[in-house]
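Chemist: Sequence:
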Amino acid sequence: MTIIEPLTNACMDLAMLTRDLGGLQLAREQLDRNWELRKEQDGKLLVPYKHFDSGWADYREAHPKYPIYLWLMSMAEEDLERIERISKNHDWNDVIVPGLFWKGFKDW
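Letter by letter, the sequence shown follows residues 3 to 110 in this note's numbering.
These are computed hints drawn from the structure, not numbers from a lab.
A portion of the hints provided could be inaccurate.
To be verified - 27 angstroms max Cα-Cα, derived DSSO-like pairs, lysine-lysine:
no. : residue 1 : residue 2
1   : Lys67     : Lys41
2   : Lys90     : Lys41
3   : Lys52     : Lys41
4   : Lys67     : Lys52
5   : Lys67     : Lys46
Computed from a predicted structure; not experimentally measured.
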(Lines of atoms letter the chains of each structure in order from A and count residues from 1; the text may use other names and numbers.)
(Lines give C-alpha, C1' and ligand atoms only; values in the text may rest on other atoms or scores of the structure.)
Protein backbone atom coordinates (compact mmCIF):
# COMPACT_ATOMS: atom_id res chain seq x y z
CA MET A 1 0.00 0.00 0.00
CA THR A 2 1.17 3.51 -0.71
CA ILE A 3 0.52 6.71 1.17
CA ILE A 4 -1.35 8.28 -1.74
CA GLU A 5 -3.94 5.54 -2.31
CA PRO A 6 -5.73 5.73 1.07
CA LEU A 7 -5.30 9.50 1.13
CA THR A 8 -6.88 9.89 -2.31
CA ASN A 9 -9.77 7.60 -1.35
CA ALA A 10 -10.39 9.48 1.90
CA CYS A 11 -10.33 12.86 0.16
CA MET A 12 -12.74 11.70 -2.53
CA ASP A 13 -15.07 10.29 0.14
CA LEU A 14 -14.97 13.62 1.98
CA ALA A 15 -15.73 15.52 -1.22
CA MET A 16 -18.70 13.26 -2.01
CA LEU A 17 -20.12 13.34 1.53
CA THR A 18 -19.81 17.11 1.93
CA ARG A 19 -20.44 18.02 -1.72
CA ASP A 20 -17.34 20.20 -1.43
CA LEU A 21 -14.51 19.60 -3.88
CA GLY A 22 -12.20 21.42 -1.49
CA GLY A 23 -11.91 18.04 0.19
CA LEU A 24 -9.61 16.98 -2.66
CA GLN A 25 -6.98 19.54 -1.72
CA LEU A 26 -5.01 17.34 0.68
CA ALA A 27 -4.61 14.63 -1.97
CA ARG A 28 -3.55 17.26 -4.51
CA GLU A 29 -0.94 18.61 -2.12
CA GLN A 30 0.44 15.13 -1.47
CA LEU A 31 0.66 14.35 -5.19
CA ASP A 32 2.46 17.65 -5.72
CA ARG A 33 4.84 16.98 -2.83
CA ASN A 34 5.65 13.52 -4.17
CA TRP A 35 6.28 15.09 -7.58
CA GLU A 36 8.64 17.65 -6.02
CA LEU A 37 10.60 14.74 -4.49
CA ARG A 38 10.97 12.95 -7.84
CA LYS A 39 14.31 11.55 -8.95
CA GLU A 40 15.57 10.66 -12.38
CA GLN A 41 17.08 7.21 -12.71
CA ASP A 42 17.95 5.46 -15.98
CA GLY A 43 15.97 8.07 -17.91
CA LYS A 44 12.81 7.51 -15.83
CA LEU A 45 11.18 9.90 -13.39
CA LEU A 46 10.55 8.17 -10.06
CA VAL A 47 8.44 9.43 -7.16
CA PRO A 48 8.33 8.14 -3.58
CA TYR A 49 5.43 5.87 -2.69
CA LYS A 50 6.09 5.28 1.01
CA HIS A 51 7.22 7.28 4.02
CA PHE A 52 8.96 5.80 7.04
CA ASP A 53 10.56 7.35 10.11
CA SER A 54 13.78 7.42 8.09
CA GLY A 55 12.13 9.42 5.28
CA TRP A 56 10.70 8.84 1.83
CA ALA A 57 11.33 5.49 0.12
CA ASP A 58 10.07 3.06 -2.51
CA TYR A 59 10.71 5.28 -5.53
CA ARG A 60 8.79 4.09 -8.60
CA GLU A 61 7.36 5.62 -11.74
CA ALA A 62 4.38 7.86 -11.04
CA HIS A 63 1.07 6.13 -11.69
CA PRO A 64 -1.58 8.18 -13.51
CA LYS A 65 -4.55 6.62 -11.73
CA TYR A 66 -4.44 8.87 -8.65
CA PRO A 67 -4.55 12.20 -10.50
CA ILE A 68 -7.08 10.66 -12.91
CA TYR A 69 -9.36 9.85 -9.96
CA LEU A 70 -9.15 13.46 -8.76
CA TRP A 71 -9.75 14.85 -12.24
CA LEU A 72 -12.78 12.59 -12.77
CA MET A 73 -14.35 14.12 -9.67
CA SER A 74 -13.36 17.73 -10.23
CA MET A 75 -12.84 18.15 -13.98
CA ALA A 76 -10.43 20.89 -12.89
CA GLU A 77 -7.63 22.04 -15.17
CA GLU A 78 -5.13 21.74 -12.29
CA ASP A 79 -5.94 18.04 -11.92
CA LEU A 80 -5.62 17.48 -15.67
CA GLU A 81 -2.16 19.06 -15.50
CA ARG A 82 -1.18 16.54 -12.82
CA ILE A 83 -2.08 13.75 -15.25
CA GLU A 84 -0.25 15.27 -18.19
CA ARG A 85 3.06 15.67 -16.33
CA ILE A 86 3.37 11.88 -15.89
CA SER A 87 5.43 10.03 -18.50
CA LYS A 88 3.44 7.70 -20.70
CA ASN A 89 5.53 4.51 -20.56
CA HIS A 90 2.77 2.50 -22.25
CA ASP A 91 -0.47 3.13 -24.14
CA TRP A 92 -2.92 4.25 -21.46
CA ASN A 93 -5.76 2.98 -23.66
CA ASP A 94 -4.60 -0.61 -23.08
CA VAL A 95 -6.60 -2.31 -20.36
CA ILE A 96 -4.30 -4.30 -18.09
CA VAL A 97 -5.99 -6.74 -15.72
CA PRO A 98 -3.39 -8.15 -13.35
CA GLY A 99 -3.68 -11.75 -12.26
CA LEU A 100 -5.79 -13.08 -15.15
CA PHE A 101 -3.08 -14.83 -17.10
CA TRP A 102 -3.96 -18.49 -16.67
CA LYS A 103 -3.68 -21.28 -19.25
CA GLY A 104 -5.97 -20.60 -22.16
CA PHE A 105 -6.58 -16.95 -21.30
CA LYS A 106 -5.29 -15.74 -24.65
CA ASP A 107 -7.74 -18.06 -26.45
CA TRP A 108 -10.77 -16.07 -25.27
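Chemist: A separate judgement is required for each hint: does it hold in the structure or not?
Modeler: Evaluation of the provided hints:
no., hint, in the structure
1, Lys67 x Lys41, "20 angstroms, holds"
2, Lys90 x Lys41, "16 angstroms, holds"
3, Lys52 x Lys41, "14 angstroms, holds"
4, Lys67 x Lys52, "17 angstroms, holds"
5, Lys67 x Lys46, "18 angstroms, holds"
Comparing the model with each numbered hint stated earlier shows that all of them hold.
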